[in-house]
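**Q** Listed below are the residues making up each chain.
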Amino acid sequence: MLIRKLFRTAWQYRAQFLSMVIMVAVGIGVFLGFNIEWKSIESDVLGFFGKTNYADFRLYSETGFSEEDVRKIREIDGVDEATRFLSVVVSVKNDDRKTLTLHVSEDYTVSTMLITAGREYDPEADGFWLSDRYAEANGVRVGDTLTLTYMNLEISGEVLGLAKAGEEMICVAGENQLMPDYKTHGFAYIAPAKYAALLGPMAVYPQVNALSGMKKADLEEAVKTALGRTTMVVAKTEDMVYSEAMGESEEGKTMGSILPVLFLAIAVLTMTTTMHRIAANEKVQIGTLKALGFKDRRILAHYTSYGLVIGLVGSAVGVGLGYFIAWFIMNPNGMMGTYFDMDRWALVMPAFCVPVILLTNAFLVFIGFLSVKKMLRGTAAETLRPYQPKTVKKSLIERMPIMEKRSFGTKWNLRDVMRHKARSAMTLVGVLGCMVLLVGGIGMKDTMDSFMRILGDDISNYETRVTIADSAPNAETLALAEELNGDWQATAGVSYRGDTVMLNIYDASHGKIRFVDRNNKLMNLTDDGVYLCLRLKDTAKVGDIIEFSPYGSEETYRVRVAGYTRSVMTECISMTAAYAEEIGVPYHIGSVFTDTPAGEIGESPLFAGAPQAKAKILDTYEGFMEIMNLMIAVLVVAAVVLGIVVLYNLGVMSYVERYRELATLKVLGFRDRQIGRLLISQNIWLTLVGVLIGLPAGVGVLQWLLVALASEYELKLVLGPLTYLVSVGLTFGVSTAVGLMVARKNRKINMVEALKGAE
Amino acid sequence: MAIVEFRNVSRVYGNGEYEVKALDSVNLTLEEGKFIVILGPSGAGKSTLLNLLGGLDSPTDGQIFVEGRDIAGLTGDALAEYRASSVGFVFQFYNLIPTLTVKENVALVKEIARDALDPERMLAEVGLSDHLNQFPAQLSGGEQQRVSIARALCKNPKILLCDEPTGALDSETGVLVLKLLLSMAKNYGKTIVIVTHNQNIAKMADTVVRVKNGKIRSCEAQEHPLAAEEVEW
Ligand SMILES: Nc1ncnc2c1ncn2[C@@H]1O[C@H](COP(=O)(O)OP(=O)(O)O)[C@@H](O)[C@H]1O
Ligand SMILES: [Mg+2]
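Each protein sequence line maps, in turn, to chains A and B. The opening position of the first sequence corresponds to residue 41 in our numbering, with each subsequent residue numbered one higher. The opening position of the second sequence corresponds to residue -1 in our numbering, with each subsequent residue numbered one higher.
So that you can see chain A by itself, here it is in the shape it has in the complex (with noise of 0.2 Å):
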């Protein structure tokens, strides 16, 4: 019997329970769906390292290794495995719009390869061993020759097998792509004894890759000892691979932990209204029970199912879901699939997502025993006696005098509010919470959008980029850029306070290299010092001398801090051409920028590579972009139906509890209108002060969330006009129909059903 009435219960309650249900399962499902996401890339992303030998350590010499240093390397106690490694760009013959990054692994015990076709590795073969999915993308099959260019040298060769690496599980050609594009870019391995066949003595290894769990310092030391020299080494964690591979994961985390949270926490109230709701409702019957002889555990029980089904249901639908959003983002095919390539994709759980589950149950079921354990106290006929909500009494606000001259309308509806506070509380939260999601959604459009102006036009105010070699010396690269019309960029690392941050000089006399300050004004890079970039800011204030030190040399530079300068990528040092020359810092020329399209601009010797034009740089963020689209739009569309679902719930709630207050102001002559009016009104108050807080809650948390996400950019946020308007004309919006909604229900009050029973 009892079993019945619960479901009848539940039926009467049909819309809350289904928006509680709704709440748990959304709540954990984007709790699990993240947390998944996160373990699963650590998961399966460092297993994929294990398995290519992802390097621990870079090492970088101008000048290369010699056999001899990488023995002395190797046999630093604490490396367990050092290689010679090459990584190069080069580009493809006959279709210069492709280009490879070519690896050589000397021993092939650090950055190897995870062969997925073709033959196994050999150090001997004469021959590529190609990206898959470039492959795939390129339609190349194993057995196919491939001829490459560098410079003036051409590479062929059959492609003797398929493969994914560590070192290329975001495979793209540089700093300025954002996302893998496979159709013009992928990597390939040679032997070394290709490498060596091709140039002879010339065959250099700049690089050193090591397998080695030392701290960067000690091996920074111990590098140095074993070969004289200062040399510039690089940890895994500042290699973009692993620190964005890491730094997706981070983003999960957080996710993860923010995003449930708001909505258990929806749940959790709109749980305890309902259920004190339906305790109170249910108070004679209650009675009832107990006078039958019913035993208040009994009862307890009875009630406390409710909690229990709602808890279950809910985190049933919620695991289907929590594994549908870890499968929707780690998928070969989906969201991450377009960013990493790796072998496995296998979903992960973190342990601690249990109990966290059983904890939510619980919690659920405990919300419904309290609600009734209030209601059983005392006597079966005290119990009998319908529920008398508290008294009102005359609020603070009403104590006004402007208050004397309300209409009753504006009275009854404070008085409402007052009276059920808790209702009131979550009706604020949910507006608060759309509006949250709505300012955080549409104005991280508003930033990116911002940023890709000052990435596409402010600071790149040039056509083309030319890449120049490495081997090209800068006079002929300064004609270069004379004869283009063109500024010129030197980029290096440097050590300063103990990282690796890059030192850029520039020649930006032409105007097509440009600089903005914090603001994201326009400013110019002066003559009598250096500029830091904002994430530098920090460390020393305008007129400070710092000091930094180029890799690979003994020198160290005393310079003044004339500035700060906005930079979108790399934590840099930045300096003018001028000064450089003054404090006589060598450097190398890296890139020339220009106006001069690049398909006029010829071939040369001093080129790595081909002219690149700034629109097809630019296209390789638009995946980035489309991603970014996307989150926005879930964000709008989870604004949206938390909006409707919370307020739905809630204006069902409030029409429910004053069903008998509008009957009798329709009996007594008001019309379906009049009292429509009166209880959107209420909504109306509540979303304005909801939105209130929630603009600037909003602007609070996507600054936080720039400094959680993007700490890798220099974001700054940025809030249009039509951003506010959106969010506040979609917020009243959604407040506004729920409100007709549930207005529109008054027209079906039956009066004298209202008014037949005791109060």
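Be careful, since some hints might not be right.
[Stated by the list, open to error] Which residues of chain B face chain A? A partial, calculated answer using Cβ under 10 Å:
(1) Ser40
(2) Ser45
(3) Gly53
(4) Ala78
(5) Phe91
(6) Asn93
(7) Thr97
(8) Asn103
[Stated by the list, open to error] Distance ranges between label pairs, derived from CB positions:
(9) Arg338(A) x Tyr11(B): 55 to 61 Å
(10) Tyr11(B) x Arg713(A): 25 to 31 Å
(11) Pro39(B) x Arg713(A): 36 to 42 Å
It should be emphasised that the hints constitute simulated quantities derived from the structure, not laboratory data. Idealized CB from N, CA, C, for every residue including glycine.
Since chain A is already given, all that's left is putting chain B with the ligands on it; use the hints.
**A** Frame of chain A; chain B with the ligands shown alone:
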């Protein structure tokens, strides 16, 4: 002069197999300014009759003329307008708005009734001048019912409808409330219809209507209704 006329009014609840004829082809005429008592056993159809007259419900069949206008076909706003201006209701369970003060509960009707009277004066007349700013929950049942009477009269309607107005009160308080109701109705010249089980009240009525099984058993005018003082309570 007839103020109310029911012509062949039926109200059927349910459909098909479970039909209940709460009112079955009722014909009834009520005179203006009179005091009418409706008697009958539980389930006879008394409330149904009152609800139809009050515009809370519409008949399945027949016509109901109030001041010459048929209200049977009215719906929505037109019916709301009728409720607002023509009838005042007093219920067994008061039906006050718990979040409005005594004064506000009465003043409320000024928003809908065109010829509303002064709320404070009405409350003074029912003896509640000292309770204007209290909330309903702070009043006794009898006091709450007096607020409800003040509210019904404040609209200044032609007809006052009272469905077992003393049903939830102890007999002593009930009598006081009834006396008040009658004297107020008389002072303001209202037609008043009361559903009650109290036989004593019936002795005071101008007209006694007896209802049973959804039909009017009798509708008798009393030549010499007793005054309140003459009745033995
Ligand atoms: N909403 C309803 N649905 C079905 N039957 C109803 C409904 N309201 C009243 N009835 C039936 O109509 C008859 C008359 O009811 P009512 O007018 O309330 O009687 P009373 O004279 O006690 O006030 C009763 O038999 C009752 O069961
Ligand atoms: Mg009745």
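**Q** Within 25 to 31 Å: is that where the Cβ-Cβ distance between tyrosine 11(B) and arginine 713(A) falls?
**A** holds (29 Å)
**Q** Quick check on serine 45(B) please, does its C-beta sit within 10 Å of some C-beta on chain A?
**A** holds (8 Å)
**Q** With a cut-off of 10 Å on the beta carbons, see whether phenylalanine 91(B) makes it to chain A.
**A** holds (5 Å)
**Q** Quick check on a hinted range of 55 to 61 Å for arginine 338(A) and tyrosine 11(B), using CB atoms only.
**A** violated (36 Å)
**Q** Is the interface hint satisfied for asparagine 93(B)? The criterion is a beta-carbon contact with chain A at less than 10 Å.
**A** Cβ of asparagine 93(B) sits 5 Å from chain A, so the hint holds.
**Q** Under 10 Å, Cβ to Cβ, is where asparagine 103(B) needs to be relative to chain A, so tell me if that hint holds or is violated.
**A** holds (9 Å)
**Q** Given the hint of 36 to 42 Å, check if proline 39(B) and arginine 713(A) actually sit that far apart at their C-beta atoms.
**A** Between proline 39(B) and arginine 713(A), where Cβ atoms are some 40 Å apart, the hint holds.
**Q** Take the shortest C-beta to C-beta distance between glycine 53(B) and chain A; is it under 10 Å?
**A** holds (8 Å)
**Q** Just to be careful: measuring from the Cβ of serine 40(B) to every Cβ in chain A, is the smallest value less than 10 Å?
**A** violated (13 Å)
**Q** For the hint on alanine 78(B), just tell me whether its beta-carbon gets within less than 10 Å of chain A.
**A** Cβ of alanine 78(B) sits 4 Å from chain A, so the hint holds.
**Q** Let's test the interface hint: is any C-beta of chain A closer than 10 Å to that of threonine 97(B)?
**A** holds (4 Å)
The earlier numbered hints that this structure contradicts are 1 and 9.
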